[in-house]
Each structure stands twice: as structure tokens, then as C-alpha cells.
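As a plain string of letters, each chain reads:
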Amino acid sequence: MASRAQKMPVSLRIASSAFVGVWLVMAAFPFLWTFWGSFKVELDFFSIANWTNALTGAQTKETHGSAFTGAGYHGAWVEEGFLRNIINTFIVCFFVVLSSLTIGTLGGYALSRSAYRYTFWLLITALIFRAMPPITLVAGYMLPFFEWNLWGILPTTIIVLVAINQPFTLWMLHSFFQSIPKELDESAKVDGCTQFQAFRHVIIPVMWPGVITTGLFSFLLAYNDFAVTSMLLAESNRTMVPQIAAFLGTTYTEGNVMFAVAAVVSATAPLFILVMFFQRQIVSGLTAGAVKG
Amino acid sequence: MKHRTFFWFFLPTGLAMLLFIALPIVSVVIQSLFIPHEAVLITVESCGPFGCKEQTSIDQEATAVLRAAEPLGRFAGLGIYFDRGHLALSEVADAWRSSESFAEFYGHLRNLPFYRAMAFTLAFVFVVTPLVIVMGLIIALAVNSLHKRLKGLVIFFSLLPFVINPLVGSLVLFWMIDSRGILGYSLQWLAGDPDLSLKASTGLMWISLMVYGVWHASPFAFVIFYAGLQTLPKDQLESAQIDGASRWQQVRYVVVPHLMPLVTFVALIQLMDNFRVFEPIVGFNASAHARSLSWAIFNDLGGETRQLSSAAATSVMTIIGVAILLSPVLVRTWRDFKGKT
Chain P
1 MASRAQKMPV SLRIASSAFV GVWLVMAAFP FLWTFWGSFK VELDFFSIAN
51 WTNALTGAQT KETHGSAFTG AGYHGAWVEE GFLRNIINTF IVCFFVVLSS
101 LTIGTLGGYA LSRSAYRYTF WLLITALIFR AMPPITLVAG YMLPFFEWNL
151 WGILPTTIIV LVAINQPFTL WMLHSFFQSI PKELDESAKV DGCTQFQAFR
201 HVIIPVMWPG VITTGLFSFL LAYNDFAVTS MLLAESNRTM VPQIAAFLGT
251 TYTEGNVMFA VAAVVSATAP LFILVMFFQR QIVSGLTAGA VKG
Chain F
1 MKHRTFFWFF LPTGLAMLLF IALPIVSVVI QSLFIPHEAV LITVESCGPF
51 GCKEQTSIDQ EATAVLRAAE PLGRFAGLGI YFDRGHLALS EVADAWRSSE
101 SFAEFYGHLR NLPFYRAMAF TLAFVFVVTP LVIVMGLIIA LAVNSLHKRL
151 KGLVIFFSLL PFVINPLVGS LVLFWMIDSR GILGYSLQWL AGDPDLSLKA
201 STGLMWISLM VYGVWHASPF AFVIFYAGLQ TLPKDQLESA QIDGASRWQQ
251 VRYVVVPHLM PLVTFVALIQ LMDNFRVFEP IVGFNASAHA RSLSWAIFND
301 LGGETRQLSS AAATSVMTII GVAILLSPVL VRTWRDFKGK T
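Read top to bottom, the protein sequences are chains P and F.
Be aware that the first sequence starts at 1, since it is given in this note's numbering, and climbs by one per residue.
Be aware that the second sequence starts at 1, since it is given in this note's numbering, and climbs by one per residue.
Treat the hints with care, since some could be wrong.
As the list claims (entries may be wrong) - Taking lysine-lysine pairs in the DSS-like style, the calculated list, with each CA pair at most 30 Å apart, reads:
1. 2/F with 189/P
2. 148/F with 53/F
3. 338/F with 182/P
4. 2/F with 338/F
Keep in mind that the hints were calculated from the coordinates and are not lab data.
From just these sequences and the hints, can you work out the full model?
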């Protein structure tokens with residue numbers, strides 16, 4: 001706020017700061033609360049007697065001798081084998097990001113450098129594909145995958161997730177590539193490069209920020225998917241999110257909700273770290289689509 | 001770029017989308033026209049010392065053979081679309097004839113699973129989308145007036161509800177609004193009603209789901225609008241001020257028109273994303289009160305009996321719904337494109 005006239009009156013300034021404060025509490029408090037609560041026993045986290053128990057951990061002290069306990073984590077990671085699901089998740093995410101970036105950069109580059117009419121139609125088709133809920137496709141996968149014995153394993157799910165992410169990846173990379181001047185690859189071609197060499201040695205080196213940003217969103221899409229992974233993975237190959245959903249079915253009856261709470265916190269932690277390091281890229285990725293789109 | 005080069009560059013991604021998006025759509029449409037084979041019945045006459053009896057039983061072997069030979073099932077045309085689980089034409093016609101008022105007719109409709117899911121999905125889309133836009137705009141305006149150092153921190157925490165997995169995010173909220181959780185407890189205290197439970201009432205459950213929707217998507221709108229505010233032309237604001245515009249008028253007549261393209265963008269993305277609302281219903285364990293189209297598909301697909309045909313029919317209708325929602329945008333893009341060439 002540069003000019004004096006732009007300065008807010010005190011009342012408005014207070015109101016606006018208060019609003020930001022309220023929003024911050026809304027955005028962050030649920031996570032802090034759940035994180036704190038994950039080190040308590042169920043009777044403290046869901047306290048019937050007194051809500052301050054959740055803060056002080058009165059019942060936790062009685063059961064475990066200290067106000068904090070890792071029992072929930074032990075239960076989830078060791079007893080329920082959640083570690084397996086975590087590893088699966090990272091295998092899936094790694095390969096999804098790698099393959100969608102590889103084929104996405106090729107496609108996005110082609111779309112941004114071709115001036116023919118069909119590029120428009122391809123982009124519109126991608127937009128329509130992007131709009132369709134992934135779960136609507138699952139009924140179409142089931143029968144062929146059962147027939148060919150492809151159902152339930154990680155590679156199938158990875159390929160499906162890559163394909164589902166492509167429309168979004170293409171749009172995002174397309175807008176990043178458009179911001180790189182065409183003269184760059186033209187001068188490379190004048191110097192004797194083929195189109196692919198120009199792409200590989202000239203364009204990709206200046207595209208890294210865009211590629212990293214798109215990779216982040218591919219990661220988020222793969223990491224956060226529930227509809228596809230829960231339907232296409234067999235019980236032994238589950239990733240984190242379907243496993244958490246499966247916990248819900250069993251834990252409410254067996255009384256170990258804290259396993260699910262610990263699992264939820266474990267699944268949130270990587271995202272927390274991701275946002276911490278890549279905040280700038282996430283923001284730029286979100287806005288890249290909007291400004292161009 | 002030459003056609004040939006374009007083709008090779010686009011081939012991998014094109015092939016992926018063709019095989020795993022376009023073909024499955026075809027497969028879903030075909031699947032929705034077939035219903036599973038009924039079990040093959042076999043009638044055996046078993047004769048005992050007290051005379052003969054005819055017994056009907058399922059011929060497991062023949063059923064398995066038939067199902068293996070034609071895994072799609074038998075052709076049913078549009079039968080599945082019209083059955084009770086979907087459009088329920090005969091039930092709707094009955095309800096129309098027997099109902100005396102529109103409210104009664106609506107009451108009948110609410111009992112049919114497809115219309116119930118449709119009602120919640122549309123309500124969710126058209127309540128959450130505008131609220132997200134308004135909320136995002138207010139947060140963006142408020143954060144924009146903050147001190148520079150604070151902005152980064154606020155953006156960091158604001159992004160959390162957005163990047164979080166929808167299932168995990170809804171669980172985190174759900175445990176808090178549980179009648180023994182901190183929010184549920186506070187609500188009981190505020191309302192002075194110790195038996196108040198959000199889980200017990202359909203209306204409150206809908207509101208909770210929508211609050212979750214706004215909480216989850218507001219950061220997205222906020223980030224977009226915040227970026228738009230950075231490109232706000234200063235001179236326009238200043239001239240508006242010189243002309244004596246109040247602060248509210250500046251927002252109304254300068255800031256909002258400047259952000260309008262972004263509002264359209266956010267609205268478009270939110271329409272698409274809210275239409276697929278599904279995870280919060282699982283997380284909130286709310287299927288007794290609220291069901292969405294995606295939830296209906298998921299429910300058909302899961303469990304012991306995978307009702308592929310029923311899920312496929314709902315999928316096709318969901319895709320048609322998305323197409324209808326999206327059509328204004330598509331028509332506009334087409335006009336823009338035609339105007340350009």
C-alpha cells in the first residue's frame with residue numbers, strides 16, 4: 001500500500017486482520033489439534049468427561065504413565081502394517097510423476113508449437129476429460145482388467161493414474177511452454193538440430209521451473225487419489241488413502257480409532273513438508289492455469 | 001511444426017488418453033446396456049419312497065460357463081437406465097399420478113436413490129461454488145492488506161486445507177465435530193443442548209459437508225484471486241479515489257471487474273470438482289443422510305457384489321451431467337476460437 005490515501009482506516013484494518021486471524025485458525029487448527037491428539041488415548045481425544053482432557057491427556061497419563069503416547073502409531077505402523085501402504089504410496093507417486101512428466105512434456109511441447117487447428121480440438125478434448133470424475137471410468141476398467149488378470153497390482157494403477165492425470169498435465173505444461181519464445185527452438189533448428197534435439201537440449205533446460213511445478217501437481221493428484229486406487233488395488237497392495245478408508249470400517253467396531261488418527265497424521269506429514277518447501281511453485285502452478293486459461 | 005513431428009511427439013500422451021480415458025468411456029457405455037446373467041436354474045425330479053418331487057436349484061456350473069462365455073451379461077437396452085435404481089420411470093410416473101401437490105411428488109422423488117443423489121450433488125455444487133468464490137475473495141483482499149512478512153506465513157497455512165487429501169481432510173474435521181470432539185462439544189455448549197449431534201440430522205449433515213467443501217476449496221480461490229490482485233492497475237484505483245469512490249465502491253467497480261476472468265476460471269474448476277463430491281461422504285460416514293452420484297457409483301462397484309452395469313449406467317448419466325454443466329463454457333470457447341480464425 002503505497003499512497004497515503006490507500007491507507008485503511010483503523011477500524012477496517014482491525015476487521016481485516018481479525019478476519020485473517022479467524023481464517024488462519026480455521027485452516028491450521030484442525031491439523032494441529034489432530035496432530036496433538038494423535039499422541040493421546042481415545043478417551044482423551046474423544047473426551048466425554050471433560051474436553052480439557054484432550055489437552056492435558058489425563059487418561060493417557062493413567063494408561064501409559066506419560067501425557068504422550070505413541071501407541072496409536074505403534075498400532076497403525078506395526079500391528080496393522082501401515083508401513084507397507086506408505087511404501088506403496090511412494091512407489092505409485094514416484095512412477096506416476098516420472099511417466100506423466102515424460103509423456104506430458106512431449107505432448108505439451110507439441111501442442112504449444114503446432115499452429116494447426118487440431119491442437120485446439122485436442123486441448124478441448126483434454127478439458128472435457130479433465131472434467132469427468134475419474135470414478136466414472138472405473139466401471140469401464142473393471143471387466144477388461146479382470147479378464148486379463150491385470151486387476152489389483154501396482155503397475156496397472158500407475159498407468160491408469162498417469163492417463164487420468166494427462167489432461168491436467170497437458171494444459172499446465174502447454175501454458176508453460178507457450179511462455180517460452182518460439183525463436184529459441186527455431187534458432188536451434190537453424191543450427192542443425194532436429195525438433196527433438198531442440199526440445200531436449202534447448203527447451204527443457206529453460207523449462208525446469210515449469211516441469212517441477214507440474215510434477216508437484218502430478219504428485220498431489222496421485223497421492224490424493226482415492227476413487228481409483230481403492231477400486232483398482234487388491235487388499236495387499238493398497239496405498240495409504242484406501243487403507244485409511246479400510247481402517248474406518250474396522251476401527252469403529254474394534255475401538256482403535258487412534259490407529260486411524262495416527263495413520264491420518266502420517267499421511268498428512270509429507271504434504272506438510274511439501275508445502276513448506278514448494279509453496280512458491282504450488283502458488284505459481286495454480287495461477288499459471290488461471291492466467292492463461 | 002510438421003504433422004509428422006507433431007504426431008510422434010503427441011503419440012505417447014495421446015495413446016495413454018485414448019486407451020485409458022476414451023476407450024473406458026466406450027466400455028462404460030456398452031456395459032451400461034447389459035445386465036448380468038441370471039443364475040441358470042435346473043429342475044430335477046427327485047423320486048423318493050413317498051412319491052416324486054420337483055426341485056429347482058441353481059446350476060452353478062452352467063451359470064459359471066455362461067458368465068465366462070459372455071462376461072458382459074445379456075443385452076438389456078436402456079433397461080438399466082429406467083429401473084428403480086436409476087431414472088425409475090415407472091415409479092416417477094406413479095408418484096406423479098398419485099401425488100396431489102408438488103411437495104408430495106417431491107417427497108416421493110426423494111425416496112428414489114438416483115434423484116436423492118442428484119439432489120445432494122446439485123445442492124452441493126450450487127451452494128459451495130459461490131461461497132468458495134466469496135470466501136476466497138475476502139481472504140485475498142484481507143491478506144493483500146497485510147504486512148509483507150506475514151503474507152508468506154498466511155499463504156503457507158492457507159494452502160494446507162487445499163493440498164490435503166479430501167478423505168483425510170474430511171476425517172480430521174469429522175473427528176472434531178463428533179459429539180465428543182472439540183467442535184461438537186462446543187456446539188452442544190453453545191446450543192445448550194447436550195444431545196445435539198451433527199451426525200443424527202440430515203440437514204446438519206448437509207451443512208457440515210458443505211462447510212467442509214468451502215473449507216477445502218477456499219484456499220484455491222484465494223491463491224488465484226491473490227495473484228490477480230498483484231496485477232491490479234494502481235492508476236485505475238487512484239483515479240477512482242480522486243473521483244470520490246468509497247472503499248466499497250473501489251472494490252465493487254475496480255477490483256471485482258479486474259478479477260472477473262479469474263472468477264469465471266475458479267467457478268469453472270469448482271463446478272467440475274464439486275460435481276464429483278465423494279470423499280467427504282465417506283470420511284463423514286454420511287451415506288445415511290447424503291449421497292452423491294460419485295458415491296452411488298463407488299457403492300455399486302465396491303463390496304462383494306460388483307454391480308458393474310448399475311455403476312456404468314450411473315457413470316454415463318454423471319458424464320452427461322458434467323457435459324451439461326460444462327456446455328456454456330465449451331460454447332463460449334468455440335465462439336472465441338471461431339472469432340479468432
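Do the alpha carbons of residue 2/F and residue 189/P lie within 30 Å of each other, as the hint requires?
Given that 30 Å is the threshold and the Cα spacing comes to 13 Å, the pair holds.
Review point. Regarding the pair residue 2/F and residue 338/F, is the alpha-carbon distance no greater than 30 Å?
Key: holds (23 Å)
| Straight-line alpha-carbon gap residue 148/F to residue 53/F, limit 30 Å | With Cα atoms ~89 Å apart, residue 148/F and residue 53/F exceed 30 Å; violated.
Distance restraint between residue 338/F and residue 182/P, which requires alpha-carbon spacing of 30 Å or less: holds (24 Å)
In this structure, the one hint that does not hold is number 2.
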